[in-house]
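Trainee: Sequence:
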Amino acid sequence: MNISLTGVDGIVLVLYIIALFALGFFLGRNSGKDIFLGGRSLRWWQIGFSMFSANAGPMMLIGMSSLGFSQGVVGANFEWLAWIFLLLLAMFFLPRYLSAGISTIPQYLLHRYGKSAYNFLVIYSLVSILVVWLGSALYAGGLVISQVLGCPLLYAVALIALIATSYTAAGGFRAVVRTGIFQSVIIIVSSLILTVLAFNRMMTSGAVHHEVPENFWKLFHGADDPEYSWVAILAGYPVVAIYYWCADQTIVQKMLGAKDLREGQYGALFIAALKIITPVIFLLPGIICFILFRDITTADNAYITLVKQLMPDGFRGLCIAALIAALIDTVSSGLNSFSTVFTLDVVAQFRTTDEGSRLRTGRWVTVLAALLAIGIAAMFLYSGKGLFEITQGMVSILAPPLSVVFLASVFWKRTNRAAVLTVLYGGGSVCLLIGVCYLLNYPYKGFWPHFLLLSVYLFIALAVVIMLVSLLTAPAAAGSEPVAAAEKGGGQSRRVWAGWAVLAAVMLIIYFVLNR
Numbered sequence: 005m006n007i008s009l010t011g012v013d014g015i016v017l018v019l020y021i022i023a024l025f026a027l028g029f030f031l032g033r034n035s036g037k038d039i040f041l042g043g044r045s046l047r048w049w050q051i052g053f054s055m056f057s058a059n060a061g062p063m064m065l066i067g068m069s070s071l072g073f074s075q076g077v078v079g080a081n082f083e084w085l086a087w088i089f090l091l092l093l094a095m096f097f098l099p100r101y102l103s104a105g106i107s108t109i110p111q112y113l114l115h116r117y118g119k120s121a122y123n124f125l126v127i128y129s130l131v132s133i134l135v136v137w138l139g140s141a142l143y144a145g146g147l148v149i150s151q152v153l154g155c156p157l158l159y160a161v162a163l164i165a166l167i168a169t170s171y172t173a174a175g176g177f178r179a180v181v182r183t184g185i186f187q188s189v190i191i192i193v194s195s196l197i198l199t200v201l202a203f204n205r206m207m208t209s210g211a212v213h214h215e216v217p218e219n220f221w222k223l224f225h226g227a228d229d230p231e232y233s234w235v236a237i238l239a240g241y242p243v244v245a246i247y248y249w250c251a252d253q254t255i256v257q258k259m260l261g262a263k264d265l266r267e268g269q270y271g272a273l274f275i276a277a278l279k280i281i282t283p284v285i286f287l288l289p290g291i292i293c294f295i296l297f298r299d300i301t302t303a304d305n306a307y308i309t310l311v312k313q314l315m316p317d318g319f320r321g322l323c324i325a326a327l328i329a330a331l332i333d334t335v336s337s338g339l340n341s342f343s344t345v346f347t348l349d350v351v352a353q354f355r356t357t358d359e360g361s362r363l364r365t366g367r368w369v370t371v372l373a374a375l376l377a378i379g380i381a382a383m384f385l386y387s388g389k390g391l392f393e394i395t396q397g398m399v400s401i402l403a404p405p406l407s408v409v410f411l412a413s414v415f416w417k418r419t420n421r422a423a424v425l426t427v428l429y430g431g432g433s434v435c436l437l438i439g440v441c442y443l444l445n446y447p448y449k450g451f452w453p454h455f456l457l458l459s460v461y462l463f464i465a466l467a468v469v470i471m472l473v474s475l476l477t478a479p480a481a482a483g484s485e486p487v488a489a490a491e492k493g494g495g496q497s498r499r500v501w502a503g504w505a506v507l508a509a510v511m512l513i514i515y516f517v518l519n520r
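Numbering of the sequence shown is given in the working numbering, commencing with residue 5 and proceeding in unit increments.
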């Protein structure tokens with residue numbers, strides 16, 4: 005669906021691009037030699053906003069509106085349940101990460117379980133960043149932006165990659181974080197304006213009284229719902245969320261750059277609080293679009309339809325800027341994470357590098373990652389397969405073994421190297437085989453359960469494996485765990501825990517109200 009942009013919209017877009025380049029390149033000259041973690045100097049609000057902008061990619065803006073249009077408020081679970089896993093990250097995982105002094109998540113497994121486990125996660129991290137964070141984001145965002153601007157998809161993909169690569173290679177991590185703060189403001193403001201205008205149109209037109217499907221305003225659907233039953237959400241979503249929020253390099257890298265543990269914990273609490281509003285500004289517009297425009301559009305076009313129908317001149321440009329902002333920040337975060345893992349975990353294994361050499365290598369790797377990501381996006385274009393089917397398959401394949409390993413490494417001291425390697429290599433191979441069959445509908449369509457349920461079945465099986473192998477083999481050697489032992493807990497203050505308690509109370513009230 006094309007959107008006609010006026011001269012005012014064009015001016016808004018140009019101003020956005022100028023501001024982005026000014027921030028990115030100005031910070032590029034002042035970022036120092038640490039392009040990977042920015043000298044570990046981030047404050048809580050920088051961490052929270054940068055994690056928010058990396059998470060709020062184009063699939064968030066488009067996908068959440070689409071989910072709201074087709075399923076109603078049930079999609080809010082994917083945002084409102086995230087606080088539980090951000091709590092795990094802040095209060096249990098982060099103390100161990102920071103005390104171990106790691107720069108990448110694979111290095112944590114190197115500390116705990118040796119080089120074989122480390123190499124597995126290095127390879128997985130690079131592949132997942134390329135496919136999930138970079139290739140799919142460029143493809144999804146390119147589809148929308150090419151339709152809006154009326155240009156070929158690959159041109160849109162290449163343009164976005166060029167913009168993100170330019171300041172990411174120059175300024176590294178600090179440029180990504182600071183521009184991410186700017187992007188967050190653009191995304192939140194434009195989405196809030198769109199929500200207010202959509203809500204006002206719904207109320208003034210009387211459309212609020214239009215009939216909607218049963219359970220449209222229920223957070224939990226019955227067990228007979230084939231797509232998003234309460235069983236699939238409460239059991240399946242945590243399997244993916246544990247890995248995504250607690251062990252994914254692109255997300256956790258923002259926390260590793262924290263000035264200290266306390267700043268990192270407050271940063272996680274801040275983004276958890278921001279998650280309260282995301283269903284309101286991302287999901288609710290899709291629900292309202294169904295009420296207002298169900299006869300003239302589809303779920304996939306819900307966001308664009310609202311922008312076209314409701315946004316006045318200038319504000320349409322702001323919404324397109326928000327789409328571009330979401331896309332660019334997701335891509336720049338992925339590029340910096342790929343560069344960090346490749347430079348510190350791959351190159352470092354083959355040659356010794358000084359600070360200047362790492363800086364040069366990191367910048368060239370950023371460019372290489374961008375070129376590879378464009379190629380992957382082009383493969384999606386010519387593959388004939390659905391993007392969301394592919395990405396969901398990736399998650400259901402790879403999240404269970406990694407979620408099991410990271411949970412066990414933090415919460416069960418008996419976990420040993422033999423068990424971890426069994427789950428990573430053996431369990432990972434089984435998950436890969438099942439995932440391929442799932443995507444290809446083998447042996448027949450409908451054989452496999454919903455991907456959320458498939459994830460939890462795999463998780464349970466691998467959890468049993470890691471427990472049995474750990475109990476049947478020799479325990480881990482004393483002192484193999486990083487300094488942050490469980491009893492230390494990183495020195496969390498009562499104030500931090502009080503913040504999580506308040507957030508938990510707010511979420512309980514929301515769930516009580518929406519499930520009456």
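Just so you know, the hints here were simulated from the structure itself, not pulled from any lab data.
Every residue, glycine too, gets a C-beta built ideally from N, C-alpha and C.
Just to be clear, a hint being listed does not mean it is correct.
Below, computed lysine-lysine pairings styled on BS3-like, alpha-carbon distance capped at 30 Å [stated by the list, open to error]: (1) Lys119 with Lys222; (2) Lys263 with Lys119; (3) Lys417 with Lys119; (4) Lys449 with Lys263.
Restraint ranges, calculated between C-beta atoms of paired labels, are given here [claimed, not checked]: (5) Gly105 with Ala505: 26 to 32 Å; (6) Phe451 with Phe220: 27 to 33 Å; (7) Gln313 with Gly360: 52 to 58 Å; (8) Gln313 with Tyr515: 43 to 49 Å.
Trainee: Now, for every hint given, state plainly whether the structure supports it.
Mentor: Each hint tested on the structure:
1. Lys119 with Lys222: Not satisfied, since the Cα-Cα distance of roughly 47 Å exceeds 30 Å.
2. Lys263 with Lys119: OK: Lys263 and Lys119 at ~28 Å, within 30 Å.
3. Lys417 with Lys119: holds, 19 Å
4. Lys449 with Lys263: With Cα atoms ~51 Å apart, Lys449 and Lys263 exceed 30 Å; violated.
5. Gly105 with Ala505: 26 to 32 Å: holds, 30 Å
6. Phe451 with Phe220: 27 to 33 Å: holds, 30 Å
7. Gln313 with Gly360: 52 to 58 Å: holds, 54 Å
8. Gln313 with Tyr515: 43 to 49 Å: Roughly 32 Å apart at Cβ, these two residues miss the hinted range, so it is violated.
Violated hints, listed in ascending order, are 1, 4 and 8; each of the other numbered hints is respected by the structure.
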